[in-house]
Structure formats: C-alpha cells, structure tokens
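Enquirer: Sequence:
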Amino acid sequence: MFRRLQLYRWKPPRVRAYRVIALDGSTLTYQLETRAKGVELLQLVLKDLEILEGDYFGLLQSENKQWIMLDKTLKKQLRGNEPYLLYMGVEVYPKDHNSLLYPTTRYQIYLQAKKDVESGSLVCSSETGDRLRTIIAAETRCAEMVSSPILDANAELECHLGNTKQ
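Residue 91 in this note's numbering sits at position 91 of the sequence shown, and the numbers go up by one each step.
No wet-lab data here; the hints were simulated from the structure.
Model, not experiment: these values are computed from the prediction.
Each residue gets a CB set at the ideal place from its N, CA and C atoms; glycine is no exception.
Check the hints yourself; a few may be wrong.
Label-pair distances were calculated between CB atoms; the ranges are [claimed, not checked]:
(1) Leu101 - Asn81: 36 to 44 Å
(2) Tyr8 - Asn98: 52 to 60 Å
(3) Gly25 - Lys76: 26 to 34 Å
(4) Asn64 - Lys115: 30 to 38 Å
(5) Pro12 - Leu101: 20 to 28 Å
(6) Lys72 - Leu28: 18 to 26 Å
(7) Pro12 - Ser121: 40 to 48 Å
(8) Glu33 - Lys95: 31 to 39 Å
(9) Tyr8 - Glu33: 17 to 25 Å
(10) Gly80 - Pro12: 17 to 25 Å
(11) Met69 - Leu28: 33 to 41 Å
(12) Gly80 - Glu33: 15 to 23 Å
Please model the complete structure; the sequences and the hints are all you need to start from.
Expert: What follows is the structure, encoded as structure tokens:
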C-alpha cells in the first residue's frame, strides 16, 4: 500500500577533455559534458579563432582520419583516452575565395591549402588547382603581414598538380 519514496542523488555532469590542433599549429583545450555534440566543440573552436564563416571547417579525428559528424555526440565517435586529440581543417574549399567576407576565414583556408600542397596530399583537377592558386596567391600577401613563411604558390602547385584528375 505504501510506496517507498526514492531519493535521487544529484550527480555532477561528467566532463571530457578535448585538445584541438588549429591550422596554425596552436593547441586549444576544452572540457565539455559527455553528451556534447560535435557542433558544440566546433563552435567553441571557431569562436576562439574568431572565425565567423564556419561552414567550410570541421574537426578531424587523429586516429582514423575521419571527420567528426556534427549532429552526433562526441562520446559515440571518439575512442581512446582523454584528452581526445582532434585537428581542425577545411572540410570544403570555397568555390571562389572572393566570396569569403572575413580575412580570418581566408587566412585559415590559406593555411589548409598550403599544408595540403606541401604534404603532397592534394590531387585535383586543373580547375580546382587554379582556384587554389588564386587563394594561395591572394593570401600570401596576408601571410607577409603576419610574418609567416611564404609559399611560392606557382612553384609548389606545379610540383603537386602534375598528377591531376580531369
């Protein structure tokens, strides 16, 4: 007849640690709840890097080189020990670099294009190569302003764009 009253004890939310390596090599550290989704972490990274046009960027897992799905929880996508290591990267290159409104976005895309060209991981059509040439050439001027090493866009791209797909 009498029901026992169940008392629930309040538990603090479990927190997980994440380390994100930005395109410029800096390390960003975050602590999020276990139930946090990929979009929450990406938004924090973009906010810290002052990137307002975040549609082009994503987070890459370090172990299996797969992009984090933004609509799913990080807990289900990441394995291993904390802190989880992720890399920020350009998931989709813009069709026209002039459509980018903010210089911080242009500079981050420039860093990714430069990294891809230097590593030789970039295999693309001649049309895409021309677009990347314009991005690198335009952003080389910005890189001079922030005194980072300059990439000779034409020389580097000619080396790696030899094996293009049509």
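Enquirer: If a hint holds in the structure, say so; if it does not, say that too.
Expert: Structure-based check of each hint:
The beta-carbon spacing between Leu101 and Asn81, approximately 40 Å, falls within the hinted interval of 36 to 44 Å. Tyr8 and Asn98 have their C-beta atoms about 57 Å apart, which keeps the hinted 52 to 60 Å range intact. Between Gly25 and Lys76, the C-beta spacing of about 29 Å keeps the proposed range 26 to 34 Å intact. Range check, Asn64 to Lys115: about 19 Å between beta-carbon atoms, so the 30 to 38 Å window is missed.
As the Cβ distance of Pro12 to Leu101 is approximately 41 Å, the hint placing it in 20 to 28 Å is violated. Between Lys72 and Leu28 the C-beta distance comes to about 21 Å, which sits within the given range of 18 to 26 Å. The given range of 40 to 48 Å is respected by Pro12 and Ser121, whose C-beta atoms sit roughly 43 Å from each other. Between Glu33 and Lys95 the beta carbon distance is about 37 Å. The supplied range of 31 to 39 Å therefore holds.
Range check, Tyr8 to Glu33: Cβ separation about 19 Å, and the 17 to 25 Å hint holds. In this structure the supplied range 17 to 25 Å holds for Gly80 paired with Pro12, their Cβ-Cβ distance being about 23 Å. The supplied range of 33 to 41 Å is broken by Met69 and Leu28, whose beta-carbon atoms lie about 20 Å from each other. The supplied range of 15 to 23 Å is met by Gly80 and Glu33, whose beta-carbon atoms lie about 18 Å from each other.
When held up to the earlier numbered hints, the structure conflicts with 4, 5 and 11 and fits the remainder.
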